[in-house]
Amino acid sequence: MRSTMMPRPILMLTFLACACNEGKRRSAGTEAAAELPPAMVLAEVPLGDIAGPKEDILRGEIHNPYEGDKAAVTEGESYFHRMNCVACHGYGARGGMGPNLRDQAWRYGGTPVEIYKSIYEGRPKGMPAWGAMLPPETIWKLVAYINSLGGATAPGEVLADVEGWASQSPKGRRNDDH
Amino acid sequence: MRKTISTKHALALMAMAIWSCGRGSTPGREAKNGSAPVTSAAASGIGAPADGTWPMQAGDYANTRYSPLSQINTSNATQLQMAWSFSTGYTHGHEGAPLVVGTTMYIVTPFPNVAYALDLTKSQPTLKWKFEPHPDPIAIGKACCDIVNRGWALADGKLIYNLLDDHTIAVDAASGKEVWRTEMAKVSDGPTMTMAPFVVNGKVFVGNSGGEMGVQGWLAALDVGSGKELWRAYSTGPDSMVKIGANYRPFYSWLRGDNVAAKSWPGDTWKHGAGAVWGWISYDPNLNLIYYGTSNPGPWNQDQRQGDNLFTSSVLARDPNSGDLHWAYSFTPHDQWDYDGVNEDILVDLPINGQTRKVLVHFNRNGFAYTIDRATGQVLVAQPFGYENWASRIDLTTGRPVVNPSMTTHPNEWTFNVCPPDIGVKDQQPAAYSPRTHLFYVPTQHMCMDYRAEPVSYIAGTPYWNTNVKRHPAPGGYRGELISWDAATGKKVWGITDQLPVYSGVLATAGDVVFYGTVEGFFRAVDARSGKLLWEQKLGSGIIGAPMSYLDASGKQYVAILAGVGGAAGVAADLPGYPAEGGTLYAFALPPIPGHNPNDSAAAAQSATGARAHTKP
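Here the protein sequences line up with chains A and B, keeping their order.
Just so it is clear: in the first sequence, position 104 is 104 by the working numbering, and no numbers are missing.
Just so it is clear: in the second sequence, position 212 is 1212 by the working numbering, and no numbers are missing.
These are computed hints drawn from the structure, not numbers from a lab.
It cannot be assumed that every hint is accurate.
Below, simulated BS3-like cross-link-like pairs (lysine-lysine); rule was C-alpha separation at most 30 angstroms, straight line [to be verified]:
#1 A:K125 with B:K1177
#2 B:K1177 with B:K1358
#3 B:K1358 with B:K1470
#4 B:K1228 with B:K1177
#5 B:K1492 with B:K1532
#6 A:K125 with B:K1538
#7 B:K1203 with B:K1130
#8 B:K1538 with B:K1130
#9 B:K1532 with B:K1491
#10 B:K1186 with A:K125
#11 A:K125 with B:K1470
#12 A:K125 with B:K1130
#13 B:K1271 with A:K125
#14 B:K1228 with B:K1271
#15 A:K70 with B:K1243
#16 B:K1358 with B:K1228
Every beta carbon over 12 angstroms from chain B, so not counted as near; a handful from chain A, in silico [to be verified]:
#17 V41
#18 D69
#19 V73
#20 E75
#21 H81
#22 R102
No residue lacks a Cβ here, since even glycine has one placed at the ideal position from N, Cα and C.
Turn these sequences into a full structure, and let the hints steer you where they fit.
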């Protein structure tokens, strides 16, 4: 598994590096951009407990540069709508075509950096790879919004809720019957 | 067999001809004892073949879902028992009707679209073969409303169906080996394929899903033998893409004009304007026209697409050989509530104002039942068949709905209590027609919605949608009803209400029994004339598939249903009574049932269950 995965992070590094520079130019003047973690460190973060190695390598060490930033959460929510995330993951991110992002079940890991990687790289069941379209600041703000919904896990916290993620699948148009 | 298929049975012959083409010998069975009585309906091309096969999804080209079999009738349906069952091993919504040709039954599962052939020569049918096509899982995240498959076709010795990842595939019906696989679209861009292919004269017709993904809808014809694409006609765009030429003669003036399917949109918004083709197709061999419907326009925010948005939420009549458009009609021009027009078009001849007319009967999501002249596209009757408040009526002189201004939707604003909701008074779950009662049997929803669309940008591979919908029951408190409908006059005859939406297909039989299922999981037999519940059996999961009927090798009649809740019935997933998922095929018959030994304890248990069921209502 490791050998088949090796080329991908390397490829990704190039994109990430470009995206970082791009992002810095766009957000000239914001201090947060300067605090983005180095691309190499991000790329080496493994996938979650189901899809990747069980050991807690590095993930605890990477924090969202916008952690605790309420303005970033609001901006993240705005991107969540403008980038059409809302139509898949549902209003309030309660799930629909794509998984619920408010529960404790994370197929590819629920720490901020794991969520960052899922957005950046895309995932096999239909999640597009946003790394080619969005600068890292925007992705981190999306992570901040998702984190604010309460389902994401703290850095270093290990969750392996197999039953939970197995049930995370498209359910048709969710009902808001009341 | 020759005896049971008389020369009058044009339809049955056609079906068998399609099946046996290129196969040397004709499959099928010898004449059976107790074979079905010939009905006058069969002569007019209505109903499944009298030999007890079920060779296409609706039983016939006309989409009546009528079985000419009558061993099971109103006087003995109370004694029905489960004869055999087969687990598909998959969850998610199981739609479609099992097909039976020869002594084999064919079913296909939701994604990953596994096909099974079951040997009906055994009293407890066994697996003949299993075929796994391994579609791309990226399709899971591109399907709006569960990962369903609506049906499959049999032609030229092949089982033909669509994979969710935009491939049409043909599998050898005898061996279960893949014959051809044609990529019809790029799933990563957003479209999927869920509809049931339909075969006419060596061509298989398929269309795309993705009304919420910014697709441009199309119907394509493939060669049954090779899978090669012969033509493709889009629902929107310039005349060349829509295949509008000299033969195009719509009834109403607002459907005419150069490039009307492009000019009824601002700029080039038709490119992502949907009009997806994810429903049913029917065929009139005399007029040589195929009929099918198109989805809602995209995006749901109507403000981004002023105009009639042709041909979305429409019915189209095309020449099956060339694809040329002959006429079209938009049920809901400039739809702003997700009222797709994809529901089945049932082709019958009805007396209207003292004159027999060749009509197409269509129960639209928007709550109106349309009786349309299928040669011209003229609307003859349009009446509400369930609870709706978005339009006061359909103006028969113009063919246009008279829209209630308070139900107009605006971006970033809630519009409250629009009835019906996005899934309509009826969605794709197909109705049935009986030529004996001249009634239509229609599964319906009884719901309303609050609707708020946001402005949205097209990003390939993501939804072009962004609309918040809250659904609730319509007045009366129930959410579903099976109704019977007189399409000549536009009147409801009787109804059976349910707490959950009624989201299964319907079967009508020459025994005057109507079969359907509930989302909760009850499979029911109802008297076609009175609407009286004759029998019901709770199945393992909910029912969103379509029942069919067949004769086994000894000539005994069975009714089969593929159960497994999901699909758009998932709107009820959080309500009490919504069952667990899981696909199982069930077949029912009258006792004595082959393979059931009355001295055997399992058979005794079976009989006890039956006895409990028929004391219920």
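Tested hints:
1. A:K125 with B:K1177: holds (27 angstroms)
2. B:K1177 with B:K1358: violated (41 angstroms)
3. B:K1358 with B:K1470: Outside the cut-off at roughly 40 angstroms; violated.
4. B:K1228 with B:K1177: holds (18 angstroms)
5. B:K1492 with B:K1532: Holds: K1492 of chain B and K1532 of chain B sit about 15 angstroms apart, inside 30 angstroms.
6. A:K125 with B:K1538: The hint is violated at about 34 angstroms.
7. B:K1203 with B:K1130: holds (25 angstroms)
8. B:K1538 with B:K1130: holds (28 angstroms)
9. B:K1532 with B:K1491: holds (19 angstroms)
10. B:K1186 with A:K125: Answer holds: K1186 of chain B to K125 of chain A is near 15 angstroms, not above 30 angstroms.
11. A:K125 with B:K1470: holds (26 angstroms)
12. A:K125 with B:K1130: holds (24 angstroms)
13. B:K1271 with A:K125: Holds, at about 26 angstroms.
14. B:K1228 with B:K1271: With a Cα-Cα distance of about 25 angstroms, the restraint between K1228 of chain B and K1271 of chain B holds, given a limit of 30 angstroms.
15. A:K70 with B:K1243: Violated, at about 54 angstroms.
16. B:K1358 with B:K1228: Violated. K1358 of chain B to K1228 of chain B sits at ~33 angstroms, over the 30 angstroms cutoff.
17. V41: The claim stands: V41 of chain A keeps its Cβ more than 12 angstroms from every Cβ of chain B (closest is about 28 angstroms).
18. D69: The claim stands: D69 of chain A keeps its Cβ more than 12 angstroms from every Cβ of chain B (closest is about 25 angstroms).
19. V73: holds (19 angstroms)
20. E75: holds (17 angstroms)
21. H81: violated (6 angstroms)
22. R102: Fine: 15 angstroms to the nearest Cβ keeps R102 of chain A off the interface.
Hint violations for this structure: numbers 2, 3, 6, 15, 16 and 21, all remaining hints satisfied.
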